[in-house]
Amino acid sequence: MSDSWRQTRRLLMAALGALTVFYLLAPTLVIVPMSFTEASILSFPPEGFSTRWYEQMLTRPEWSTGLRNSALVATLTAILATLLGTLAALGMTRGRFPGRSLVNGLALSPLIVPVVIIAIGMFSLFVQWRISGSIVGLVLAHTALALPFVIVNVATSLRTMDRNLELAAANLGATPARSFLRITLPIIFPGVLAGAIFSFITSWDEVVVAIFLTSARFRTLPVEMWEQVRQVVDPTVAAVATTLLVVTTGLLLLLLVVRRQAPAR
Amino acid sequence: MTSAKGASGGRPSDGRALVLRDLVKRFGDVPAVDGVDLEVRDGEFLTLLGPSGSGKTTTLRMIAGFMTQTSGTIEIGGTDMTRIPPYRRDVGMVFQNYALFPHMTAGQNVAFPLEMRRLARPEINRRVGEALALVRLESLAGRYPRQLSGGQQQRIALARAVVFSPRLLLMDEPLGALDKKLREALQLEIVRVSRELGATVIYVTHDQEEALVMSDRIAIFKNGRIEQLGSGEDLYDRPVSMFVADFIGESSILRGRLERAADGAYLSRNGSRWRVDEATLARAALADGTAGALVVRPERMRIGGPDEKPPAGSNAVEATVSAVLYLGSDRKYELALPDGERAVVRQQLGGGEREWQRGDRVTLWWPVESGVLVADASA
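Here the protein sequences come in this chain order: A and B.
Residue numbering for the first sequence follows our numbering, beginning at 1 and increasing consecutively.
Residue numbering for the second sequence follows our numbering, beginning at 1001 and increasing consecutively.
Okay, chain B solo, but in the shape it has when bound (with noise of 0.2 Å):
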């Protein structure tokens, strides 16, 4: 990925930062965690992302060492760690609540894993300096946490945490705490410092845009396992299912029952008859009359007058538009088919394109191999 120096630096390895197999952690009888396996490359940015309760941040408290894990494995840089404690795992946090210790200094806050470790005093003094130099704050050494605003804390609890040099840097919704614009600006600063050492890097939120703006892979987590693992493009245009379709962007989703023509496939309901991709048809193993549904983003949809006439090779249909939201760079149409389901249009202004009307009937249609194919879990 990126030169492997700093976090990764200096130690014999196969290239995989972090192991985890048939990772499950049950509280009682309910599993938090529930079978993770997942490898992460040295250098890498990799976002575990699902909604609260999915087993995101359980799985990585296991990596800390904060709680044990029921079954499974976790290996750090090829050492397993099922009996080490979290003082001597050699990874570095960044807590929501920035957990700054509230008697010191942001220097003394910084210095404080390398006291820990026994270095000599002007070792410390010359990497405190660098990683408050990282950061942008080497003028705030001198304040106390309460002296400085949410962005100012997380940066120090960032520079504390990558000071060391640990061999993994795990962040728990960082910036769930700071407003929107705050929250992009750290995004960037984030992904920037951790490109700069070089650092594995693994990165919690439930926040999917946060997820696609910083990270190399993400995770997205179900129930307390990976329901699918890729680049925010793997996710966005090869969703696995329409957990995966929903939770990552916008789509329109489309239900139906798979049937096999001799011309192809389609998914049909209440009248309506998709075409289904071969492509996505193959990578979906649905069989012939199972309930299925197509993911179509919205960006990739269009919407032309009720006479218009679609391009061959797409999917057609007339629509009523329903609600139209004006977002400033677009434009976005809710409309609704004939068969009963909804959908979402986007469309990019300055274009030239034909501004709708709710109530107007028009007809949409998209490419038939912008359609994904998943399983109708609702059914």
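Only chain A is shown next, with the shape it has when bound in the complex (with noise of 0.2 Å):
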């Protein structure tokens, strides 16, 4: 092979890349701009520069409580989930009892079954428990959906955690709880916080199931959006969504740090 068709190919590659790389992000970035438009129509390309949208997000009622209340799910969802998914992922990993694989295969099930489907089942559910439409009902429905991020983050620092380790801390008389506390807890930290982080990103933009458990006096900003969007298009959603976007990104730039400063071993 000549040189110059190495080079020709090597070009064609990156032009492949780029491509997808802006197939990929152009529909998600496009809204960047847009919200910061001086006209009061949603519009691509904008006119003007103003930061006005973002005042009206942070001043009108139905948007700053629509903060709150997605900042305030997310919160808890991610800190019930780690919770659970850790405990279901030491005993998935540690344990021994008959059904393990079904467990897992259940605990895993959010990721496969369509979430509509879970939305209209939880919706039915709530409805007759009396949750729905509340931050309890919301807050349960989005740890199902995170669980199975803790879980596969957490089952995964304990697989390749030396197992020996905690059989040390045994030896030198450490009890069970005082092993995970002191060793096992601060070696799989790096996946529990990306289980956390996951799931944290999993409620704060979910929009399905938070459509059906929601009510009119208990929006998220998702929902808030999705109603806005069918009435008005006023480019308050654009900084909304923006809002969101860079949220989630640095989250997941978090999360590529604390995967980075995992412990080398």
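The hints are simulated quantities; they were obtained by calculation from the structure and are not laboratory data.
You can trust all of the hints, since none of them are fake.
Calculated from the model, a selection of chain A residues having no Cβ within reach of chain B, i.e. all distances over 10 Å: (1) Arg9; (2) Ala15; (3) Thr28; (4) Pro33; (5) Ser40; (6) Tyr54; (7) Ile79; (8) Leu80; (9) Met92; (10) Thr93; (11) Ser124; (12) Thr156; (13) Val233; (14) Leu244; (15) Leu254.
To give a feel for the contact side, a few chain A residues facing chain B, derived at Cβ under 8 Å: (16) Leu167; (17) Ala170; (18) Leu172; (19) Pro186.
Quick reminder that beta carbons are idealized off the backbone N, C-alpha and C, glycines included.
Can you join these two chains into the complex? Each is in its own frame, and there are hints to help.
Now the structure itself:
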């Protein structure tokens, strides 16, 4: 093969790669300039530059309450899912009980079952339990959706961890509980934190289940966006979308940092 | 053995630190440990030696409490350990891969067992300092394991395993991952530390030289059982089987059938006929006509010219040199015997002995009492 062919091929590869990235990112990123428009309807390309839509987002009650609700639900979901998911991962990697692979499959099923089906199922159940349209119901639902991410991340950390460390801790006098808190947890912490971040993001931009389980008095940000887009096409939606995007991206970057700083062993 | 301070100190004891009775561990139908009986004295350094899969590591893990025996009992310091979890057994263990906690410094690793025992902070600091001084690593207390070399990590692991004065110190091939020079230095270090503490040590290895250098006694494992238990000298000079003879040191193994004559016992095959010493004959307790083997250590054998007359009381045979290996301090010859067997002879250099070449016809001999009779398991 000649050098010129190799160079051409490299260029073609780079072009194809750039095209793929553009295809993946363009729909998401187009919203960012749109949020800084001066015009009062959502349009592309934007006209002028203004931050008034961000002011709108922070001052208009439906948006600011939505932001607060979303942050609260996502935080509670992250805490609950991380707690339950870590315990589940511990049982699935360290425990020995009949039906272990069945439990594992069930715990991961929210990844496979279509979200709409989960949403409808939870809606009918939660209405009966009278927790539909409340923060409790939505946190429980989002926790179910987020659990698989925690389980997968924590179980991977547990599997790659040197089992001899736990044997050594027991040998040196640590009860199972103290061994977990002093040895296992610090070592698998990057996995636990990754699970928590994924849980937060899962809840933060979840809209399908939230549409079913929220009410006019209790709405999250994505649901508010959905409602608004159907009525008026006001650029505040673009500002809110950009905010969602920035938070999600920021958390994913944090995840990369955490992964990189995982103890090398 | 040694002063009963440290590891075995302070507790009433009948001198036996560890007693295993008919210990069995089965995985499904497969026995990994198949009836082990063992008594270890206070302050003794005992090595479990054997090939991989012989049950030595499984035995150690049962003593530590990491797995439960299928049957049999384990007593540590006179207490039955069957229902005692590992964290209440009070035995220290050093792992092959060190198993240092990566998120703690060397000093914090050594302090860990003391914190688990809820000692006061000044007491912890004092004992951590002592333990680090014992392995000569005081200056590295603030380093993390990944900042330490393999040898340093192993010494920290040793300090961590002895800092709480456990009743037993268990070591599972602790030097397996290190290079030869470092391994030899650490062998001496481990023996020194355990002697200074008067610790009772159960040491697992598959390296026979390591076992000989370090141990008071060695238990040779084969197929989940102890094949022979004794001092290094016992095992080397009086192996009870071809397996032990083969595993400890090098030897010529000359097989044949046992027969009695008016002037004593002989082992014969294909025209060769070796005189068997009475003492070893009595120990081996083999019946007339059964298959046996004479084990002769290479340094007991001598080589002379084809016409040389061996001294009285020797077994002698004409042989051909088939290989010569130069080993620095000595030279090793492999000889082909007329009956088809192979003999190994070690000749120390510097003694002015004649050097032989491949293909030379020579006379090989050894004193009759140097041959140890064992049953021939291959026949």
